[in-house]
Amino acid sequence: MALNERIAELRERVRQQRPLIHHITNFVVMNDTANVTLHIGGLPVMAHDREEVAEMVAMAGALVLNVGTLSPDWIEAMLIAGKRANELGIPIVLDPVGAGATSLRTASNRRLLEELRVAVVRGNSGEIGALAGMGGVVKGVEAVVEADDPVAAAQKLAQQYQTVVAVTGKRDIVTDGSRVLAVDNGHEWLKTLTGTGCSATTVIAAFAAVERDYVLAAAAGLACFGVAAELAAPLAHGPASFKVAFYDAIYHLSAEQIRAGARVTSLSDDQSIAVAR
Amino acid sequence: MALNERIAELRERVRQQRPLIHHITNFVVMNDTANVTLHIGGLPVMAHDREEVAEMVAMAGALVLNVGTLSPDWIEAMLIAGKRANELGIPIVLDPVGAGATSLRTASNRRLLEELRVAVVRGNSGEIGALAGMGGVVKGVEAVVEADDPVAAAQKLAQQYQTVVAVTGKRDIVTDGSRVLAVDNGHEWLKTLTGTGCSATTVIAAFAAVERDYVLAAAAGLACFGVAAELAAPLAHGPASFKVAFYDAIYHLSAEQIRAGARVTSLSDDQSIAVAR
Amino acid sequence: MALNERIAELRERVRQQRPLIHHITNFVVMNDTANVTLHIGGLPVMAHDREEVAEMVAMAGALVLNVGTLSPDWIEAMLIAGKRANELGIPIVLDPVGAGATSLRTASNRRLLEELRVAVVRGNSGEIGALAGMGGVVKGVEAVVEADDPVAAAQKLAQQYQTVVAVTGKRDIVTDGSRVLAVDNGHEWLKTLTGTGCSATTVIAAFAAVERDYVLAAAAGLACFGVAAELAAPLAHGPASFKVAFYDAIYHLSAEQIRAGARVTSLSDDQSIAVAR
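For the record, the sequence lines run as chains S, E and H. Residue numbers are given in my numbering: position 157 of the first sequence equals residue 157, and the series is strictly consecutive. Residue numbers are given in my numbering: position 236 of the second sequence equals residue 236, and the series is strictly consecutive. Residue numbers are given in my numbering: position 38 of the third sequence equals residue 38, and the series is strictly consecutive.
No lab work stands behind these hints, which were simulated from the structure alone. There could be a bad hint or two in this list.
Said to hold, decoys possible - Listed below are several chain E residues computed to face chain H (Cβ distance under 7 Å; list not exhaustive): (1) 39; (2) 55; (3) 251.
Note that this is a predicted model, so its numbers are computed, not measured. Cβ atoms here follow ideal geometry from the backbone N, Cα and C, with glycine treated the same way.
Next up, chain S with everything else stripped away, as it sits in the complex (with noise of 0.2 Å):
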């Protein structure tokens, strides 16, 4: 099966079976990730006590820790809820919000991957190099200064965490540490809204809720991300009126559209990725 065969066999795989996707995440996206796992096909909860994390993170398909607003009571919340996920196989996904910005982010994402297994880590270019300690500067939320190569830090953090690694910018890279993919879609709007790299991350939640192969699903989600943001584009006025027309596209994202329009292709030896399994 050719590979964008499997991507958007996968997206029909999410509108099936209805993921939980459950969010510990931060207060400036919870709207819009909630909205963005209903279009692409799951069910968003958002739960952050931890006297019912470990219940809730139970029914779920995948959880999202995102540290966008973070504080300490937050933090043992993820780790209480992580390593329910863990003892159930439920795959985390980890967004390092403002990785390298202050200690605290820096400190508490180190923490997450280091107590628990997370199945992917999706973060920008200076967060994922502050992360890998390979260059990247991150100002407030943003990567003002990219990681010196982004692969390779996207690779050591990988085989040091033995997690997928999911750095999104102008081209995508994903990688457990040997197999690289980059993804070549999306669009310059993106970066005029906030909480664009959130709702990326709960894409690929929803993808990695369905398919073990996590470098396949969070190439697949935002492969997705990417082509219904293309798809947007010419619709958009401005980044509101951008914002519309992408959540329309992403609820309206087809087989079709997923065939014609996605851009993934392998960086590394492995083709494995390319054919049906």
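Following the hints, put chains E and H in place on chain S, whose structure we already have.
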């Protein structure tokens, strides 16, 4: 006066009186429900600190308690605000988001219902079923299995806590345990957006602030909410453009549109709702 | 240089410098104000934990303190961030949401004004009147009774705390206690949406980050905000479509539009604002 005429009159009363709707609600929907409050004609305020909730609620026309992203200290604030509201005769509208999904949510909602006199409980069929102990399965915040008999579950819950229960779904049910009204307005697009149940709760609260017959207030609020959704649907290209058109429609919703569009019928013998009082 | 030319130049300076605007703000408007920050040309970050706010604010061009959904621990974080901002000469813009509505809100805002050097306070007439002790009644977060004399109330508050006060309403007033500017831009649709005052505060912060004459910065920010609203209004069918058009207009707001549309006039004898410095 015909029922639709009364609903139209209540909608106008909200616009004239501009009741303050004090929300202690979840992080996901705060922005949406504040906007819906304004669009229907009220004034929103979100305040959750126990030091100020009693003082804030004293100015309000209604109090919304919504446990969508609960934590124990917020429940304490809800109880403080709720007790003050009870003292002052200010109606409380409870949205038991995710009741049945975790024991914390189920227990917290029961506690609110036991310690406060709640004017209206608005939930989906799964939440109401779970609270009534009559079926219903909630996954996250979504009813994945409906209550066995939504009307019976609503009636039981209403009788148990001497409240009005509104169950929203394809057909909305409103009952005080004896009178039963059905509302057949709304649109499928509502299910593609997060927080539409919470927004329906807010609209009910605005109507409860201006009408002490809470069965009528809840049914009127749901009918207006649903008529606005129906008016918006032809303008939608997807969930996000639906949301824009829907909010615009709530704002503009006129007596003529309500008279022509509201579909509320009595399922009980008591026909008093449909006649002038 | 004519005043409108200077305003246009400041708007462009924001785009060029991309200042980080650190918000410690309320849950209702976080998403909106993050987007408005991006659209006007800055970078937003929301961070409230006392362990990281001092480190985060050190990167910022301005700090927004907004008490819309306050609790005592957030006030503590505001004080920590604010003191560090004062040490570093980073301007603080305070939005005293709901001052006058509850004693907690009034006391918290006074404490912030007493313990910090605040560059600009932006509130509605009720909030500023309440803080100045000169009339104004606030119901929730809305001014239901205006200050007796908004200009006098703003001047008194400005003198008392050696700050710049911006009172927004049909006519906006900006004063440092002696100089007084009036801004006659804006549109009625702004009142139909939640958080537009908070968004105006954010725009003022972006301008204060690039211009140390805070009277000019505040007036310029409000003029740009208002011109964008006027440009958006003809495209609106209601509050939600207005919001989309408004955000798009903020993003695209050009020097030509500002030159043609800004309406700022001096109400004080001092004409220095209108000439080149």
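Against the structure, the hints come out as follows:
1. Against a cut-off of 7 Å between C-beta atoms, the interface hint on residue 39(E) holds, since the closest Cβ of chain H lies about 6 Å away.
2. Hint status for residue 55(E) relative to chain H: holds, with the closest Cβ pair at about 4 Å, below 7 Å.
3. For residue 251(E), the interface hint holds, the least distance from its beta-carbon to any beta-carbon of chain H being 5 Å, beneath 7 Å.
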